[in-house]
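Chemist: Take a look at the letters that make up each chain.
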Amino acid sequence: MQNSYTLFRYLLLLVALLSACTKQNDPALPDLRTTQTRLQRLSPELEHLRQAFVAGPYAQQLTVTLPDSARLSWEPQWAQTSYRSSQGQPTSWYVPLAQPAVQWVGVRKYLLIRQVGGVLEFNEATFLFDEHANTPATASPSAFFATFTGILRVRNLATGGEFPVVYRQGRRQALAGRAAPTGQATAAQTASCYTMVYCDWTGYCISESTVLVYGAATAGLGYCQSPPEDGVGCSNITWTLTNSNSQTACSPDPPYDPGTPGDPGTPTEPTTPTAPVNTPCQGMKTLSQQTPFQQAEATLIAKAANPLEHGYTYSNSSDASSYVYGVQNSNEISLYLSHNNNMEGTMHTHPPGGLLFFSGTDLQSLYDDIINNRVKDPAAFTITIFGANGLDYAIRIQDLQQFKEFGKAWLENDDKVRMLEYVYYQDTVNGIASTSTTTATREKAALSMLRGEKAGLVVFKQDRNSNNWSQLALDSNNSVLSVPCP
Amino acid sequence: MLQRFFFFYLLCLLIVVQGHAQQVGKPSQPAGTVITKPLPEEGGEPPAPALPAEKFLGIWEWRSGTTVFRLQLSRDPYFLLPNGKTLPTIVGQHSYTRNGILVETSLNKEMTVLAKPTTGNILSGTYKELTKKTWGWVTLTILPTAPNKMTFALKQKEGAVTGTAPIPTVGFTVPSTMTLTRVP
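Top line first, the protein sequences correspond to chains F and L. Residues in the first sequence are numbered consecutively from 1, following my numbering. Residues in the second sequence are numbered consecutively from 1001, following my numbering.
Read the hints as simulated data drawn from the structure, not as lab findings. Keep in mind it's a predicted model, so treat the numbers as computed, not measured. Worth double-checking, as some hints may not be accurate.
[What the hints assert, rightly or not] Here are the computed lysine-lysine pairs in the DSS-like style, where the Cα-Cα straight-line distance is at most 27 Å:
| hint | chain 1 | residue 1 | chain 2 | residue 2 |
| --- | --- | --- | --- | --- |
| 1 | L | LYS1116 | F | LYS408 |
| 2 | L | LYS1085 | F | LYS454 |
| 3 | L | LYS1133 | L | LYS1155 |
| 4 | F | LYS416 | L | LYS1109 |
From just these sequences and the hints, can you work out the full model?
Modeler: Okay, structure coming up:
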């Protein structure tokens, strides 16, 4: 009996040891010794910030949800904090957030802490960017943000309120327009409102028996596209939307300048706004206000009832002499527009009974012009149609790389264009060429095609009564959203 | 009593050790970047829906003296699209003989008709013009009173063409409208 009791005690000890080993090896549990060592290095100021963060309900807001509902936490890297000061006193801090279980693409996340009237305010600052168009994310924060081009999304962790800030080459961009006075729902205020849609994505890269997990976030005016399938070193990545929300903002400027992070322990310089960013929508509005463009438009609208197509190309939208009238093909409802190696845009009619949107051949011509370098500036190049039924649309390129990939897939030759129209245009209820449905349904079909195929194009529509152009997009409910060009 | 407790505890201990041994026995993964998941089983792709197009399938013909247009329609449940996806499609190949001389044929070469049913008796889609190297729209309509007769109607595509290419050719090599008869 005594031996049995001694053996029992040894076994009990063994169980305790095994349990301890199991806990230490569990990656889900923090290594308390490392954490303590790291905390001991924090300055009293950072320790004060850390304690205020831990005491509040902020950490639970900083999570990412995977498609299988698993939730992972973003962890503040306090030792990497940079700060911004005023008169020698820190007023805001940027604490990098890390989530090492997921490889992040085009996303940098920080905890932005501000001191507002003696009270600490905690915000989640998410920088969204195109990896190809920015300094490599492995560069130091100062080098990266010196040329940062993308969108900063600032979300107050206490109130949930948020606002976007646009950066180009490291400089904050002032959005065009001015908000109307608070409480007065004027037309100007409505016109200056815009809806930003934010999407969080999880990508699974399947390789033999393992799955690499990637994370990404995208944002856009009216809708957001899925992240690129290339650029992550995985040829077979599948992105899944894990979260999305839309925010409508009517103020042209952010409520405060959030600045950008700097190197750890160093103060950062405030970023000054520069000239308004020329968005495709603003470019469309500017183009539509050019007198020669309006004259050509008036000519085409007058001819829109003709059974044949009519059109122009132009190399300088503000110079009437650069507008070249197209050559009609007498039998086919197709138009051969004069060649111009320095084009700024094309415009043509769609006759009665014709398509109410751009045809696949119209998009093919755009692709041909781009890849054959016939256009002056792809970002400003515009194709416009004026319909006999009073519907006018324009298309501009928002993402050149995406458009080239879309074109390579669908517009490279007649066979591919034929399949594009077969799949998306047929005169069926949900087809772009449908003659038996509403304008909104056809627009939705067209926008769905462009979004689903990641065409990199933006669509505009004119209100002939006011001569104003609006950008069309699908909102999170797949309804057509019309945002007036500012 | 103590012995019973001891054996019960030993059993529990074995279960714990077994679980621990399984954890240790897993191959190590790079820290924090790889998550192992079971892959979906192969062959799990659901079958493509069959298009309700039986009445269109088969060989159809139009004759005018020694001029013959022949169209062969079949079903491709996995027609491959340029984006890598598949779409159930009615596909067709044709041949055209004028005055006894073969003008063009896509038989055993490529699909010149891609179509899907729009309503009960109508199949619509695209038609590839082989000789002029362009394409247009095709509508095939089975006559309600004569199921072995089907009208074949072609329509030009639309679009503005830019660049240095010659002005697009117009019209079709084959007649734009025909009434085909099913070949038994």
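Chemist: Indicate, hint by hint, whether the structure satisfies it.
Modeler: Hint check:
1. L:LYS1116 - F:LYS408: holds, 25 Å
2. L:LYS1085 - F:LYS454: holds, 14 Å
3. L:LYS1133 - L:LYS1155: OK: L:LYS1133 and L:LYS1155 at ~15 Å, within 27 Å.
4. F:LYS416 - L:LYS1109: holds, 17 Å
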